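K.L.:
Sequences listed follow chains F and H, in order. Start counting the first sequence at 494; every next residue gets the next number (our numbering). Start counting the second sequence at 494; every next residue gets the next number (our numbering).
Mixed in with the good hints, there may be bad ones.
Since the list gives no way to pick out one identical chain from another, each pair is judged satisfied if it fits inside one copy or across any two copies.
The list that follows gives simulated cross-link-like pairs (lysine-lysine, DSSO-like), each with its CA atoms no further than 30 Å apart [unchecked claim]:
#1 K808 <-> K516
#2 K806 <-> K516
#3 K808 <-> K594
#4 K677 <-> K807
#5 K846 <-> K517
#6 K808 <-> K740
#7 K561 <-> K806
#8 K672 <-> K561
#9 K807 <-> K516
#10 K808 <-> K629
#11 K808 <-> K658
#12 K658 <-> K806
#13 K713 <-> K846
#14 K672 <-> K808
#15 K629 <-> K517
#16 K658 <-> K517
#17 K713 <-> K561
#18 K629 <-> K807
Hints were generated in silico from the structure; no laboratory data involved. Predicted, not measured: the structure shown is a model, and the values here were computed from it.
There are 2 protein chains.
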Amino acid sequence: MNHTYAVIMAGGGGTRLWPISRKKHPKHVLPLLGERTLFQSTLDRLDGFIPPERVYVVTTLEQEQELKAQALQIPIENFLIEPTPCGTASVIGLAAVVLAKRDPEGVMLVLPSDHFIRNRELFHLAMRVAVQVARKNYLVTLGITPTFPATGYGYIQRDATLPEKFDYPVYRVLHFTEKPDEAKARTILAGGDYSWNSGMFIWRSDRILDEFSRQMPDLKASLDRIGAAWGTSEQETVLRSVWTRLKPETIDYGIMEHAANVAVLPAGGLEWSDVGSWDSLFDVLLPDESGNVVVNGEHMPLETHNSLVYSSKKKLIVTIGVDDLIIIDSGDALLVCHRDRAQQVRRVIANLKISQREDYL
Amino acid sequence: MNHTYAVIMAGGGGTRLWPISRKKHPKHVLPLLGERTLFQSTLDRLDGFIPPERVYVVTTLEQEQELKAQALQIPIENFLIEPTPCGTASVIGLAAVVLAKRDPEGVMLVLPSDHFIRNRELFHLAMRVAVQVARKNYLVTLGITPTFPATGYGYIQRDATLPEKFDYPVYRVLHFTEKPDEAKARTILAGGDYSWNSGMFIWRSDRILDEFSRQMPDLKASLDRIGAAWGTSEQETVLRSVWTRLKPETIDYGIMEHAANVAVLPAGGLEWSDVGSWDSLFDVLLPDESGNVVVNGEHMPLETHNSLVYSSKKKLIVTIGVDDLIIIDSGDALLVCHRDRAQQVRRVIANLKISQREDYL
Numbered sequence: 494m495n496h497t498y499a500v501i502m503a504g505g506g507g508t509r510l511w512p513i514s515r516k517k518h519p520k521h522v523l524p525l526l527g528e529r530t531l532f533q534s535t536l537d538r539l540d541g542f543i544p545p546e547r548v549y550v551v552t553t554l555e556q557e558q559e560l561k562a563q564a565l566q567i568p569i570e571n572f573l574i575e576p577t578p579c580g581t582a583s584v585i586g587l588a589a590v591v592l593a594k595r596d597p598e599g600v601m602l603v604l605p606s607d608h609f610i611r612n613r614e615l616f617h618l619a620m621r622v623a624v625q626v627a628r629k630n631y632l633v634t635l636g637i638t639p640t641f642p643a644t645g646y647g648y649i650q651r652d653a654t655l656p657e658k659f660d661y662p663v664y665r666v667l668h669f670t671e672k673p674d675e676a677k678a679r680t681i682l683a684g685g686d687y688s689w690n691s692g693m694f695i696w697r698s699d700r701i702l703d704e705f706s707r708q709m710p711d712l713k714a715s716l717d718r719i720g721a722a723w724g725t726s727e728q729e730t731v732l733r734s735v736w737t738r739l740k741p742e743t744i745d746y747g748i749m750e751h752a753a754n755v756a757v758l759p760a761g762g763l764e765w766s767d768v769g770s771w772d773s774l775f776d777v778l779l780p781d782e783s784g785n786v787v788v789n790g791e792h793m794p795l796e797t798h799n800s801l802v803y804s805s806k807k808k809l810i811v812t813i814g815v816d817d818l819i820i821i822d823s824g825d826a827l828l829v830c831h832r833d834r835a836q837q838v839r840r841v842i843a844n845l846k847i848s849q850r851e852d853y854l
Numbered sequence: 494m495n496h497t498y499a500v501i502m503a504g505g506g507g508t509r510l511w512p513i514s515r516k517k518h519p520k521h522v523l524p525l526l527g528e529r530t531l532f533q534s535t536l537d538r539l540d541g542f543i544p545p546e547r548v549y550v551v552t553t554l555e556q557e558q559e560l561k562a563q564a565l566q567i568p569i570e571n572f573l574i575e576p577t578p579c580g581t582a583s584v585i586g587l588a589a590v591v592l593a594k595r596d597p598e599g600v601m602l603v604l605p606s607d608h609f610i611r612n613r614e615l616f617h618l619a620m621r622v623a624v625q626v627a628r629k630n631y632l633v634t635l636g637i638t639p640t641f642p643a644t645g646y647g648y649i650q651r652d653a654t655l656p657e658k659f660d661y662p663v664y665r666v667l668h669f670t671e672k673p674d675e676a677k678a679r680t681i682l683a684g685g686d687y688s689w690n691s692g693m694f695i696w697r698s699d700r701i702l703d704e705f706s707r708q709m710p711d712l713k714a715s716l717d718r719i720g721a722a723w724g725t726s727e728q729e730t731v732l733r734s735v736w737t738r739l740k741p742e743t744i745d746y747g748i749m750e751h752a753a754n755v756a757v758l759p760a761g762g763l764e765w766s767d768v769g770s771w772d773s774l775f776d777v778l779l780p781d782e783s784g785n786v787v788v789n790g791e792h793m794p795l796e797t798h799n800s801l802v803y804s805s806k807k808k809l810i811v812t813i814g815v816d817d818l819i820i821i822d823s824g825d826a827l828l829v830c831h832r833d834r835a836q837q838v839r840r841v842i843a844n845l846k847i848s849q850r851e852d853y854l
C-alpha cells in the first residue's frame with residue numbers, strides 16, 4: 494500500500510505549565526493558544542495531508558477518554574493505549590508494530606501532540622520531503638533551526654547533504670548532543686551546523702523495526718509478541734502482560750544516537766515552539782505594543798510591560814507598575830513568576846510532591 | 494451625668510483596597526488584619542474604657558445590617574443611620590445632637606471605624622488625657638507623630654502647650670494644613686512641630702454644638718430640628734426630610750480650621766495606620782524575614798521578597814523571582830501591583846466607573 498501515517502505522541506505532562514497543566518489535564522488537552530487544544534491543533538495541522546483514518550494517537554489510560562472526545566474524526570481503533578508510561582522507545586515501537594501489520598512499507602510521521610507551528614505550509618513541505626527521504630530507507634528527524642543558545646533542547650549536528658537530490662536540503666546526521674550547558678550551547682549556536690531536536694521523526698515502519706532488532710532486541714521481541722496478538726482477542730491481555738516488564742527508554746538514547754543512515758531536515762522559519770514553559774507563549778502568541786500577552790481573561794494593564802496574563806475562569810486581572818511578569822490563575826492556584834524564572838515552575842511541582850499536595854499536582 | 498461616649502464613624506469606602514474593599518463590602522467590615530474586621534477591632538479597642546451602651550455607630554443604610562451583625566453588643570438605638578452620605582460635619586453634628594439630649598455635658602470621642610492601632614495602652618492613656626482636656630472646653634484632636642513626609646494626610650501645626658497641666662503634653666493648635674505636596678511635606682516633617690490629622694476628635698457635645706452655631710448656623714438649625722424630633726414618632730421623617738437639604742461639608746473645613754480653643758495631643762508610638770492602601774499593611778502586619786506578608790491564603794514563595802499576598806478564598810499562591818509586589822485575589826478579580834504604585838489603585842476604580850463595570854465596583 495505504501496501510505497503515509499501520523500503517530501501522535503500524546504502521553505506527556507507539561508509540569509512547567511503549572512497551575513493550568515495538571516496531572517489530569519496535561520498541557521496538550523488544554524486550549525492554551527485559543528479555541529483549540531494543542532492536541533487538536535496538531536491534528537488540524539495534518540488537514541489535507543494525512544486523512545484521519547491514517548492518524549494514530551498513542552496515549553495513556555488516564556488521557557484516553559479526553560483525547561477521544563477531542564478527536565471524534567479519528568477511528569477508535571487508532572487510539573493506542575499504553576498500559577503504563579514506559580518511555581518513547583516502547584511507544585514508538587508499539588505504533589511501528591501496529592502500522593507494520595497494516596502497511597509494512599508505510600511511512601510513519603512521529604509527532605508530539607503539544608507543539609506549536611505557525612507556518613503550516615512550510616511544515617507540509619518539510620514533511621513531504623521527509624517522506625521522500627524516508628522512502629529511501631533513512632531515519633529522518635525534523636531539525637529546528639536554533640534562534641538562541643537554548644539549554645532545554647537536545648541538538649543534532651549535521652554532516653554533508655545526502656547524495657540523493659530532494660526539494661529541500663537534507664543532511665546526514667553526524668551526531669546527537671544531549672541538552673548542553675549555556676557555554677556549550679553558545680559554541681553550538683556559533684558553529685551553525687546544529688539543529689534543535691524537535692522529537693519529530695519520519696521513517697518506514699519496517700525500517701525502524703529493523704533498528705529495534707539491532708539495537709534493542711529485547712524490546713523488539715516483546716513488540717513482536719504484541720504484534721502477533723494484535724487484532725486478536727488476546728490483544729489487550731498480551732499488551733498488558735508484556736508492557737509491565739519493559740524497561741523504560743527514550744527513542745533518542747535507545748535508537749537514534751547509534752542508528753545507521755540518520756538524516757536531518759533542518760527547518761528554519763517554521764515558527765515552532767514546544768510550548769514548554771510559560772515564557773514560550775511570548776513567542777507563540779503575538780504581544781501587543783506594550784509587549785503584553787493576554788491568553789485568557791480580561792486584563793486592565795496600567796504601566797505594565799512584557800507581561801503574560803492567563804485566567805482559566807472569567808476574571809478581571811489588573812496590573813499596575815509591573816514588567817516581565819507571568820500571571821497564571823487556575824482558580825484553585827495562582828502563579829506570579831518573573832519571566833526569566835519560568836523554568837523554575839518545575840520546583841513548584843517538586844515542592845508539592847514532597848509535601849504530598851496531590852490536590853495541586 | 495457627665496459620661497464619656499464613643500461615636501464610631503463607619504460610613505466610608507476604601508477604594509484603594511480594591512478588589513477586596515467594594516461598594517457593598519467596604520474596608521472596615523472586612524477581616525483585613527486577622528479574624529476581626531477593622532470595625533470590630535475599633536470596638537475591641539474601647540473594651541474596659543467605654544461600655545457598649547455608650548458606644549454609637551454612625552453609618553449608612555447600605556452598611557447598617559452588616560455593622561449591626563458585627564456588633565451585637567451595641568444597643569440597636571445607638572446606630573445612627575445617615576439617610577444619604579453628607580460629609581463628616583453633618584454626621585458629627587447628628588451624633589452631637591443625639592448625645593446632647595442624653596447627656597449634655599458628656600464628652601464624645603469621634604473615632605474612624607477603619608484605623609489600626611497596635612499600642613492599645615497608649616491609645617487609652619491618650620484618650621483619658623484628651624477627655625480631661627475636653628472637660629476644660631477645648632476641642633481636642635489626636636495628632637499622629639509623622640514618620641515620613643506623607644502627602645496623603647492633612648497636618649496640624651502646634652503652638653505652645655496649654656496653660657493647664659495634664660498627664661501628657663497637649664498643645665494649642667496653630668493651624669490645620671491640607672494634604673501637602675512632597676516638597677512641602679518634607680519641610681513640614683523637618684520642622685518637627687506638626688502632627689498628622691488622624692480624624693480622631695474629643696470634645697463635649699454642647700461645646701461642638703456651640704461651634705456649629707457660630708460657624709455653620711444653617712446646619713445647626715437643621716440639627717436642632719432633628720434633635721427636637723429625636724425619640725418621638727417623627728424622628729425618621731424629620732431626619733430624612735432635613736437631611737436631603739443639607740450641604741455636604743467636612744468637619745475639618747466646616748469647623749476645625751476656624752474653631753476657637755483647639756488643642757492637639759500628639760501621640761507618638763501608637764503604631765497607628767489608617768490602612769488606607771495595600772502598602773500600609775506592610776507597617777500594620779509583621780513581615781517575615783524575607784519581608785513578605787501573607788494576609789490570607791497559602792503562599793509558596795520562591796526567591797520572593799517584600800511582597801504581600803492576600804486571597805479571599807482558599808488558594809495556593811506561588812511567587813517566583815518577584816520583589817515588592819502586592820498580590821490581591823478577590824475571586825472575581827486579581828490585582829498585581831508594584832508596592833510603590835499602591836496609591837494608583839484609585840485609577841482602577843476610576844476606569845471601572847468610566848466603563849460602567851458596576852459588577853467590579
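K.L.:
Hints first: check each against the structure and report whether it holds.
P.N.:
Structure-based check of all given hints:
| no. | hint | verdict |
| --- | --- | --- |
| 1 | K808 <-> K516 | both (24 Å within a copy, 18 Å between copies) |
| 2 | K806 <-> K516 | both (19 Å within a copy, 23 Å between copies) |
| 3 | K808 <-> K594 | neither (51 Å within a copy, 51 Å between copies) |
| 4 | K677 <-> K807 | neither (44 Å within a copy, 45 Å between copies) |
| 5 | K846 <-> K517 | within (15 Å within a copy, 40 Å between copies) |
| 6 | K808 <-> K740 | neither (46 Å within a copy, 39 Å between copies) |
| 7 | K561 <-> K806 | within (24 Å within a copy, 35 Å between copies) |
| 8 | K672 <-> K561 | neither (33 Å within a copy, 65 Å between copies) |
| 9 | K807 <-> K516 | both (23 Å within a copy, 21 Å between copies) |
| 10 | K808 <-> K629 | neither (54 Å within a copy, 56 Å between copies) |
| 11 | K808 <-> K658 | neither (55 Å within a copy, 59 Å between copies) |
| 12 | K658 <-> K806 | neither (52 Å within a copy, 64 Å between copies) |
| 13 | K713 <-> K846 | neither (35 Å within a copy, 68 Å between copies) |
| 14 | K672 <-> K808 | neither (38 Å within a copy, 35 Å between copies) |
| 15 | K629 <-> K517 | neither (41 Å within a copy, 73 Å between copies) |
| 16 | K658 <-> K517 | neither (46 Å within a copy, 74 Å between copies) |
| 17 | K713 <-> K561 | within (28 Å within a copy, 77 Å between copies) |
| 18 | K629 <-> K807 | neither (53 Å within a copy, 59 Å between copies) |
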